[in-house]
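Start from the sequences and build out the full structure, keeping to the hints where you can.
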Amino acid sequence: MQVSILRNFICQADYKSLENRTIAILSGDPTLIKWFQDDVDVHIETAKILFDIDKVTTVQRELSKQARYGFHYGATLDTVYEQISGRYPDISLRDVKRLYDKLKQLHPVLAAYLDEAYNKAVKRDYIEEPFSGYRYQCYGKVEPPKSRNLPNQMAAAYLMNKAANKINNFLSLYPFLGTNDLEESILMQVHDSFLLEGPDPFRLFDILKNNMEQDATLMVIQLDF
Numbered sequence: 003m004q005v006s007i008l009r010n011f012i013c014q015a016d017y018k019s020l021e022n023r024t025i026a027i028l029s030g031d032p033t034l035i036k037w038f039q040d041d042v043d044v045h046i047e048t049a050k051i052l053f054d055i056d057k058v059t060t061v062q063r064e065l066s067k068q069a070r071y072g073f074h075y076g077a078t079l080d081t082v083y084e085q086i087s088g089r090y091p092d093i094s095l096r097d098v099k100r101l102y103d104k105l106k107q108l109h110p111v112l113a114a115y116l117d118e119a120y121n122k123a124v125k126r127d128y129i130e131e132p133f134s135g136y137r138y139q140c141y142g143k144v145e146p147p148k149s150r151n152l153p154n155q156m157a158a159a160y161l162m163n164k165a166a167n168k169i170n171n172f173l174s175l176y177p178f179l180g181t182n183d184l185e186e187s188i189l190m191q192v193h194d195s196f197l198l199e200g201p202d203p204f205r206l207f208d209i210l211k212n213n214m215e216q217d218a219t220l221m222v223i224q225l226d227f
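In terms of this note's numbering, the sequence shown opens at residue 3 and continues consecutively.
Wrong hints could be hidden among the right ones.
Once the Cα atoms are required to be at most 25 angstroms apart in a straight line, the calculated PhoX-like pairs of lysine-lysine come out as [claimed, not checked]:
no., residue 1, residue 2
1, LYS148, LYS122
2, LYS164, LYS148
3, LYS211, LYS36
4, LYS36, LYS104
5, LYS125, LYS50
6, LYS99, LYS67
7, LYS125, LYS67
8, LYS125, LYS99
9, LYS106, LYS36
10, LYS122, LYS50
11, LYS36, LYS67
12, LYS143, LYS164
13, LYS122, LYS106
14, LYS106, LYS18
15, LYS211, LYS164
16, LYS106, LYS57
17, LYS99, LYS57
18, LYS148, LYS211
19, LYS57, LYS104
20, LYS67, LYS50
21, LYS122, LYS143
22, LYS104, LYS125
23, LYS143, LYS125
24, LYS18, LYS143
With beta-carbon atoms standing in for the labels, derived distance ranges [unchecked claim]:
no., residue 1, residue 2, range
25, ASP40, LYS211, 16 to 24 angstroms
26, GLN139, PHE53, 39 to 47 angstroms
27, LYS57, GLN14, 29 to 37 angstroms
28, PHE11, PRO91, 40 to 48 angstroms
29, CYS140, PRO201, 42 to 50 angstroms
30, ASN170, PHE53, 42 to 50 angstroms
31, ASN171, PRO201, 29 to 37 angstroms
Since the hints were derived computationally from the structure, they do not count as laboratory data. Backbone N, C-alpha and C define an ideal beta-carbon position, used for all residues, glycine too.
Below you can see the structure in the form of structure tokens.
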């Protein structure tokens, strides 16, 4: 009796800070762009400025991260306060407001971009994804947080879907090439992360790298009626 054992590996890769990077590009914010070009931890750099310190604790980094995402997504102060205070009950609404005010001072270009996103949505009655031109119709009811965060979230989702299709199409080719014994597959996609399963981890790494690296072109022709 002969027993064969299939030994598979799982390889994971993600787009580091995908939505932070897309909003930096979409808004043209010079501070965010420089931080990403310098490959620094955005949340640590933010905490240094928000708390006026040189050495950042884990808690301060997390608070800065929560405040930043709330700022990017157009969340109200009350919403961000509820999220933060559940984990850090010593934080007051006044503290959150101070963090918000400092973020606006740190990123005036980004703040202007978020305000303009809302104004565009009101004028057009739709929210546009900047890579594909996909439109979310508002039907006369423009929600400020949604108008500010949807362009960025849809842009990140577009990049993820594009990468997922490339990976899937690449894997689907192999049965036709006589190599279906590899038994490679997309195991899971979580947010901006992909997990592949297969017998060769180095090959899985190459598949992820070659198919996740991609070009994207912003829509440059926009019609306003």
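Against the structure, the hints:
1. LYS148 / LYS122: 12 angstroms, holds
2. LYS164 / LYS148: Cα-Cα ~23 angstroms, so holds.
3. LYS211 / LYS36: 24 angstroms, holds
4. LYS36 / LYS104: Status holds; Cα separation ~18 angstroms.
5. LYS125 / LYS50: This hinted pair is violated, its Cα atoms lying about 38 angstroms apart.
6. LYS99 / LYS67: 14 angstroms, holds
7. LYS125 / LYS67: 32 angstroms, violated
8. LYS125 / LYS99: 29 angstroms, violated
9. LYS106 / LYS36: 17 angstroms, holds
10. LYS122 / LYS50: Violated. LYS122 to LYS50 sits at ~33 angstroms, over the 25 angstroms cutoff.
11. LYS36 / LYS67: At roughly 18 angstroms apart (the allowed maximum being 25 angstroms), LYS67 and LYS36 satisfy the hint.
12. LYS143 / LYS164: 30 angstroms, violated
13. LYS122 / LYS106: 20 angstroms, holds
14. LYS106 / LYS18: The hint holds at about 24 angstroms.
15. LYS211 / LYS164: 14 angstroms, holds
16. LYS106 / LYS57: 22 angstroms, holds
17. LYS99 / LYS57: 22 angstroms, holds
18. LYS148 / LYS211: 32 angstroms, violated
19. LYS57 / LYS104: 18 angstroms, holds
20. LYS67 / LYS50: Given that 25 angstroms is the threshold and the Cα spacing comes to 12 angstroms, the pair holds.
21. LYS122 / LYS143: Answer holds: LYS122 to LYS143 is near 13 angstroms, not above 25 angstroms.
22. LYS104 / LYS125: Distance of about 29 angstroms is beyond 25 angstroms: violated.
23. LYS143 / LYS125: 11 angstroms, holds
24. LYS18 / LYS143: 34 angstroms, violated
25. ASP40 / LYS211: 16 to 24 angstroms: 22 angstroms, holds
26. GLN139 / PHE53: 39 to 47 angstroms: Given a distance of about 41 angstroms, which is inside 39 to 47 angstroms, the answer is holds.
27. LYS57 / GLN14: 29 to 37 angstroms: Since LYS57 and GLN14 have Cβ atoms about 31 angstroms apart, the given range 29 to 37 angstroms holds.
28. PHE11 / PRO91: 40 to 48 angstroms: About 43 angstroms separates the Cβ atoms of PHE11 and PRO91, which means 40 to 48 angstroms holds.
29. CYS140 / PRO201: 42 to 50 angstroms: 49 angstroms, holds
30. ASN170 / PHE53: 42 to 50 angstroms: Because 44 angstroms falls inside the window, the suggested range holds.
31. ASN171 / PRO201: 29 to 37 angstroms: Since the Cβ atoms of ASN171 and PRO201 sit about 20 angstroms apart, the hinted range of 29 to 37 angstroms is violated.
Checked against the numbered hints above, the structure breaks hints 5, 7, 8, 10, 12, 18, 22, 24, 31 and satisfies the rest.
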